[in-house]
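Engineer: Since the structure of chain A is already known, use the hints to place chain B on it.
Listed below, chain by chain, are the residues.
2 protein chains.
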Amino acid sequence: MLPRLKRLLLGEPLSNQMEAHEKLPKWMALAVLSSDALSSIAYATEEMLIPLAAFSMAAVIYSIPIAIAIALLLIIVTMSYKQTIDRYPSGGGAYIVAKDNLGTQAGLVAGAALLIDYVLTLAVSIAAGVENLSSAFPYLIPHKVALGTVMIIIIMLLNLRGVKESASIFAIPTYFFIFSFLVMFGVGTWQLATGATVAVHPIQHETYPTIPLFILLHAFASGCSALTGIEAISNGITLFRSPAPRNAKLTMFWMSFILGCFFLCITLLSHVNGLVPKSGETAVSLLSRSIFGNHWFYFVVQGSTALILFLAANTSYAGFPRLSSLLAKDRYMPRQLASLGDRLVFSNGILGLSFAAIILLVIYKGQTHHLIPLYAVGVFLSFTLSQSGMVMHHLREREPGWVTSLIINGLGAVTTAVVLAVIASTKFLDGAWMVVLLIPALVLLFNRIHAHYLAVGRELSLGGMRPPGSLTPIKHTVIVPISGIHRGVIDALRYALSISSDVRACYVELDSDSTERVKAEWHRWAHEVPFVVLKSPYRSVIRPLLEYIDDVEQTTHGDLITVIIPEFVTSKWRYQVLHNQTAFLIRAALLFKRGKVVTSVRYHLRNT
Amino acid sequence: MLPRLKRLLLGEPLSNQMEAHEKLPKWMALAVLSSDALSSIAYATEEMLIPLAAFSMAAVIYSIPIAIAIALLLIIVTMSYKQTIDRYPSGGGAYIVAKDNLGTQAGLVAGAALLIDYVLTLAVSIAAGVENLSSAFPYLIPHKVALGTVMIIIIMLLNLRGVKESASIFAIPTYFFIFSFLVMFGVGTWQLATGATVAVHPIQHETYPTIPLFILLHAFASGCSALTGIEAISNGITLFRSPAPRNAKLTMFWMSFILGCFFLCITLLSHVNGLVPKSGETAVSLLSRSIFGNHWFYFVVQGSTALILFLAANTSYAGFPRLSSLLAKDRYMPRQLASLGDRLVFSNGILGLSFAAIILLVIYKGQTHHLIPLYAVGVFLSFTLSQSGMVMHHLREREPGWVTSLIINGLGAVTTAVVLAVIASTKFLDGAWMVVLLIPALVLLFNRIHAHYLAVGRELSLGGMRPPGSLTPIKHTVIVPISGIHRGVIDALRYALSISSDVRACYVELDSDSTERVKAEWHRWAHEVPFVVLKSPYRSVIRPLLEYIDDVEQTTHGDLITVIIPEFVTSKWRYQVLHNQTAFLIRAALLFKRGKVVTSVRYHLRNT
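Protein chains in written order, with our numbering: chain A, 1069 to 1676; chain B, 1069 to 1676.
Bear in mind the hints are in silico, worked out from the structure with no lab data behind them. Any given hint could be a false lead.
[As the list claims (entries may be wrong)] Below, a list of computed lysine-lysine pairs in the BS3-like style, where the Cα atoms sit at most 27 Å apart:
#: 1; chain 1: B; residue 1: 1603; chain 2: A; residue 2: 1664
#: 2; chain 1: A; residue 1: 1543; chain 2: B; residue 2: 1664
#: 3; chain 1: B; residue 1: 1640; chain 2: A; residue 2: 1640
#: 4; chain 1: A; residue 1: 1664; chain 2: B; residue 2: 1397
#: 5; chain 1: A; residue 1: 1587; chain 2: B; residue 2: 1397
#: 6; chain 1: B; residue 1: 1397; chain 2: B; residue 2: 1543
#: 7; chain 1: A; residue 1: 1150; chain 2: A; residue 2: 1091
#: 8; chain 1: B; residue 1: 1661; chain 2: A; residue 2: 1664
#: 9; chain 1: A; residue 1: 1397; chain 2: B; residue 2: 1640
#: 10; chain 1: A; residue 1: 1091; chain 2: B; residue 2: 1603
#: 11; chain 1: A; residue 1: 1397; chain 2: B; residue 2: 1587
#: 12; chain 1: B; residue 1: 1587; chain 2: A; residue 2: 1661
The following block holds chain A by itself, in its conformation from the complex (with noise of 0.2 Å):
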């Protein structure tokens, strides 16, 4: 039932040669890598004018000098990362960057950050796709969380059938946001140039009003969200057919370009139309209207905004699972992450990831203003570990053209660590202190499991043993713990004969009547076999069972015990409830204690 119900939703099994075929074309790691990148459009513009609103309507036109300062943190980012994708042709995230070159620790560190801001991606770009679709359906709102929630298990269930088969599914929305929102960015300016629309605030210079230095920190930060996802191309580089990292390179600086223009113009076009932030209403539904007003094509853009960012979402999925995986491999993560699933996808990361968004989801309600202080520290941290690393790179290494490349990342590294200041900073209070502690306590973890790891390894290893001439044998002692004697036990008890000498049937008397019934049989038999009577003055059947456990162990010393239950199977799992489950309850009390071994020998009824 379960089983098939998993080949239903997920398909059958893929073999491990199919692995290889799993590479994507530049135009489908486009649409599967950049939509969290390109989807970061839909609500940057919005996080950077609300503080800028909150002040005062005037200060709206900082907006656009912000917007350009972030274009310019944009080609910075991304000729740092070029430099990775140079350096690291297998796949250069910040994990194996910092790892490699400032020492485990800061590779934990990006890790840890990587980690947080995969759920966050998830949780921020489903919250903001349904806040886009409840803007144009607004029966909606009340049912956010739950639409979220259903949005996080399609994606999940998709990624578990495998990257190659969600690639093609995702390939063409992002083709249609982008050629969505180059119709609306060239409408909206054909209004303004034809003079079918005048432009509320014109840009002017005399107009900047003056407003304190933290508000316009405050509203650069906010806007850096613009930058999430740009990382995605270079930890990803195995997705991408070969010669991978030149497509890599090219499909980033592609990416960025997009990027970049369209944040600049979605900033422009809403200041000129003097747009400013309104609850239950995105950013982008605001412009879009402003443009159409309701005519179809309002829908179309609402439509494909809300799609790419479900699309940010399935970035998570590629993501999270493969930096749990390494991290697991490393043993700083428990070791079933590390394992490829029966999809050839890494089904338990899915599944976790999964699990910890819908739960931000839940608690912040799925509203994506509140999700966002917690989303840019982490990935302006790893920003500035991965560009640290590449510094520490090139010093050591001094490859050809190693120069440009160290100014390069250099330039790379103090921008970003500036703007990580800023951010950490400007939104402590409203969220980013919870990530700033996360971090550490992962770090923790992270360090306290490998340690776990490697303790285990040493205390099994054969190391400082010598190999024996052979395997000594054990001598064992065999206590079969019987209820009453039938065919079950008859089998329990050739069973335990076959492998020791020293059997032992106990009996956990509750009537003494009963003894003696089952004492008379036991002659006829197994007359071989020592039956041994346990008074049970509670009524415990496991109890006493202990005790003389105990018992033996003392007056056998050394001796392995071993536990042989007779049970029954039924035919039918449902009839099992009708029977007792002390050889469950045995098993229990024995789990911890050392030198017993416990065996169930199953006596299968037939039709019962």
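Structural biologist: Here is chain B on its own, set in the frame of chain A:
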């Protein structure tokens, strides 16, 4: 942690020797066993009045003759049960009497009816108790369900502690109830006699209006809920000190006398004071308020009413687990219900009862009036079966004085059968249909469970087998699945070699480099055990292993296969999540396969 909490809530385990002392004197048994019956008067009058008042205010006068009819019915039923106690001195519940005299199926019908009624007694008593509290304190009305659930849980915990302790807790409230009601009747009569109040409806024969027979019968059927619970004493004779039958009969007479008088008094006083049912306030509360106004004694009456209703709930805890234990011992219910817990009470039955009653309470939102229609059907069905059984008993046994007894029980059987027909027909659409369907469903289930146990017994029976001269030992092949070579594996191999000479180690290949490494080490450490490499194109560890086991089974035809899994147990529970649960998966996969024994040889890590 869990065991400690259990001790705190339920007390230390009691030894078997203490069981005999858990017997009650008459006055205490009256408190425990009659609360169900006495508490019925808290809702019976109200239920009787509702259909009459709904028809017309003038019809309310019929409550007097109907109450007298019900009192006569009470006398008949009490006399009948006296015969039962005489003939079944060790406790003659309807199940036993019907089974002995009318056959197993009649007994099961009575058993099903009683089980349902115990649940309803609990639900109705708690609901009515909470309603009487909320009549006095109306701000409790919105919290009725929560309050009822908490009460059930408290009473459940008291009962899990054991019967004697609960009796001593519960003795005082019963007498407190009797006392407070006697005061109320006295004051009410005194007020009428002295003219302090004037009767609104003086009783005059000319005032009876013409009303449909259905309304009369409906009122009668509802009023019969006054009789619920009088069977408790004949079911619970074993709780009495010796001479148990004599003490039980005396107690039952007292109980019926008090019940009849109180029921008549309440009905009469309600009528002459002109009280009619009112939503949000119980009949007892109306009467008490009309007599005492808001004097503090009003709160005494309400408190004592609520208390005795909570006590009535306790009657179910005496009856339900005892009856299900009887049914379980006769193999009609799961055998887990048969055994005494470590506090000498039937813990599983107590938990099941509480759970069912809470569900009813939630479904019916804690409203007594909606639970009542489900209630009386089962009670009168078990009365009828029990009395008919006694009739058969007298006809067959012809003990001294059997003719008188026959007449009494015959009258009882016919009367209760007629009442049953009246109740089932007038209340069918109000909810009695559920019980009418549920009883045969339960009987069917009992029979299927019984058939299962008989079939298991037959399959396991040694009958038809000849006792062997000695038990022939088994030949077996041992398979040890390994993922590498370490101390745990060495232990498992030593164990395997000690039980069989045919041991094979299986290694599932996930990548070929590791295979070579493990193979090389294998030769140093365990060259005497063949090393089998299994390919796994789908990265599953379990599937190749199962296929190999099937292969081995076919080539060794007939040998038992023991799978020995090397496991390691971490020193702390929480570390266990860091390790693959492969052993668990192998065990689960082999659970339903015949001829396989799965043994875990555990290596206990000391520090990790």
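Engineer: A separate judgement is required for each hint: does it hold in the structure or not?
Structural biologist: Verification of the supplied hints:
1. 1603(B) with 1664(A): violated, 33 Å
2. 1543(A) with 1664(B): holds, 23 Å
3. 1640(B) with 1640(A): Distance ~36 Å between residue 1640(B) and residue 1640(A) Cα, so the pair is violated.
4. 1664(A) with 1397(B): It is violated: about 34 Å lies between the C-alpha atoms, which goes past 27 Å.
5. 1587(A) with 1397(B): Between residue 1587(A) and residue 1397(B) the Cα gap is close to 22 Å, so the pair holds against 27 Å.
6. 1397(B) with 1543(B): violated, 39 Å
7. 1150(A) with 1091(A): holds, 21 Å
8. 1661(B) with 1664(A): holds, 25 Å
9. 1397(A) with 1640(B): holds, 23 Å
10. 1091(A) with 1603(B): With a Cα-Cα distance of about 25 Å, the restraint between residue 1091(A) and residue 1603(B) holds, given a limit of 27 Å.
11. 1397(A) with 1587(B): holds, 22 Å
12. 1587(B) with 1661(A): violated, 32 Å
When held up to the earlier numbered hints, the structure conflicts with 1, 3, 4, 6 and 12 and fits the remainder.
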